[in-house]
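Chemist: Letter by letter, the chains look like this.
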Amino acid sequence: MSKGGINLKTFWPAIAIAVILFFLPPIIPRFYTYILAVIFVTSLLAMSLNLCVGHGGIFQFHHAVFYGVGAYTVALFLTKTSLPRGVGFIAGPIIAAIFGLLIGWFCIRLTKLYFGMLQISLGSLVWAIVFRWYGFTGGDDGIHGIPIPEFIDSTNSRYYFILIFFIISLFVLYLIFKSPFGTTLQAIRDNPERCEAIGINVKRHQLVAIVIATFFAGVAGVLFVVLEGSVFPDLLFWVLSLEVFIMCLLGGWFTFAGPVLGAAITVSLRTFVGVYTEYWTLILGVILILLIFFLPEGVMGFILDKINPEKKEIIEKDDE
Amino acid sequence: METSQGITLAALAIHFLVGLSRAMILFIVCSGLSFVLGVLRVPNVAHGSLYMIGAFSAFSIFTLLGGGAVAFWAALILAPFVVAIVSLIAERSLFKHLYQREHLMLLLFTFALMLILGDLVKIIWGAQYRSIMAPEFLRGSFPLFGASLPRYNVFLLIVGPLVAIGLWLFTNKTKIGKIARAAAVDMEMVGALGINVSWVFAFAFVLGCFLAGMGGALVAPTISITIGMDHDLIIEAFLIVVIGGLGNMWGAMVGSLIFGLTQSFGVLFLPQFAIVFPYTAVVIVLLIRPKGLLKSVW
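Taken in order, these protein sequences are the chains called G and A. If you want the working numbering, it's the position in the first sequence, counting the first as 1, plus 116. If you want the working numbering, it's the position in the second sequence, counting the first as 1, plus 5.
So here's chain G without its partners, still in its complex pose (with noise of 0.2 Å):
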């Protein structure tokens, strides 16, 4: 579905929305620019997701401890040392990708369920130390009230924050989806074998996928923490990495743009159907079986069919 290169013309619509976003603010309640704050965060989460899951074709099973992984390593760093608070801010990323790195380096050696069922459970055995560490992590409490520096101290500073590192975080991601690299990775998800014929290293392409997806899940995991001021072993439980993954489903796991959908689409349920009952992962569930049901491409997928049938027929070659 990607033809490699990069066309300029597809970039307006993102622009048109930046820009939007920018102005937004000051208009909107104070709530509503908290809410999108909130989805941009886990849209990065699903976007990094995404790359390994949809452009990749790896059973990345618990992205989110990478995530928990990021948000506590900047906890930590603006907790517990006197450093400058930049360097926490640019750990949290680099320690998520070494994460990633050594969980990566282990499950690689496995294909498909096998792969994502033992990074489960290496990835719950970072949740399990997180939970019970009470001494280091706060365990099950988590670390709440973290020092935010004071620039980004107002929901509409850590508005323009959050937006900037997602865009900025969702053009590398974009650049990453349409480089060589990219159409590499999308080529051994859809034919592992061939691509080992031809002399590419499958394995190596996917770690550094892994990396790169980890590393992002590490920026969505700092910028958490500016957003909510506190961590808490949640963060790296499965269920949020179940729900995540979802959310590229939902939003369309084949192009690049559904996950950011799809974490739109739960935030949004959770936050608004949640004012009115307790009860909204049921309405989650019921819609998630509508989707099933009716849009099995995706809520993107969709969309992409409507605006551009041809498009269609390339996404279906590329699945067989």
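Derived from the structure by calculation, the hints contain no laboratory data. Since the model is a prediction, treat every value here as computed from it, not as a measurement. Incorrect hints may appear among the rest.
[As the list claims (entries may be wrong)] Computed beta-carbon distance windows for the label pairs:
(1) G:Thr-299 - A:Leu-17: 39 to 45 Å
(2) G:Leu-406 - A:Asp-191: 29 to 35 Å
(3) A:Trp-173 - G:Leu-218: 55 to 61 Å
(4) G:Val-203 - A:Met-110: 52 to 58 Å
(5) G:Phe-409 - A:Tyr-134: 32 to 38 Å
(6) G:Phe-409 - A:Phe-21: 46 to 52 Å
(7) A:Tyr-134 - G:Gly-261: 39 to 45 Å
(8) A:Leu-99 - G:Thr-299: 20 to 26 Å
(9) A:Leu-17 - G:Phe-287: 38 to 44 Å
(10) G:Leu-218 - A:Phe-278: 16 to 22 Å
(11) G:Arg-310 - A:Ile-129: 47 to 53 Å
(12) A:Lys-183 - G:Thr-299: 44 to 50 Å
(13) G:Thr-197 - A:Tyr-134: 38 to 44 Å
Glycine is no exception: its CB is placed at the ideal position from the N, C-alpha and C atoms.
Take the given structure of chain G and dock chain A to it, following the hints.
Modeler: Relative to chain G, chain A alone:
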């Protein structure tokens, strides 16, 4: 709680037996999960929710019948059937239409089912902690090497192997069990022999869920029944099935033993990090034998 300074032989023995009885519950739940995985090739994420429904149904039946010994046995026997009916409804009304679809879609469906069932449990039973009491002769404990072993754990140690034998007899000696096993190996061939594949799927799914319900009912007297118990269980169950070998019933047994025992000994040696031990064991097994300890049907 024991500390690492004073581990006696008695403590070791007790932790071994408690771990073993915990493994029996895990085995019953995981054999069901493994069965569904083997035949349908779908990791049923909702399995934990059905286990939770089993425990809650056991509670309801138990209180409805007045809470005596009879009520206990009725709860134990009827709760799995409640779960089986729930799963049959889900399977026949929705799930069966998806078998031709991509596998991730089936996974997505079971996830949606987990979300829905989780909230339905919250609506029906509320968020309080519930508990049921085993009858008189299963309460209290046996003395053992100067320590004590709860009687209910002994009961579990008897029930576990009985279920294993029953399952083995069922899958190896009855016609329908043999069909289900054949379906796990080659579904198309089974269809070609004129067997209604859709019903084989339904049957396997319902049987797997029945076992989840049975595990839930059996575990009910030993824990506080509450929402969230599905999340705790399902990931353990998946890991057990994977380290045992997908779709292999005896593999589920081996995996459960590893998981239950490492957890139990973890409590003995390093209580704070007890939950780390089973995950470490799983990682070690997967690094040595990536496809599980016993032969996978996949």
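Chemist: Looking at the structure, which of the earlier hints fail to hold?
Modeler: 1, 3, 4, 7, 8 and 9
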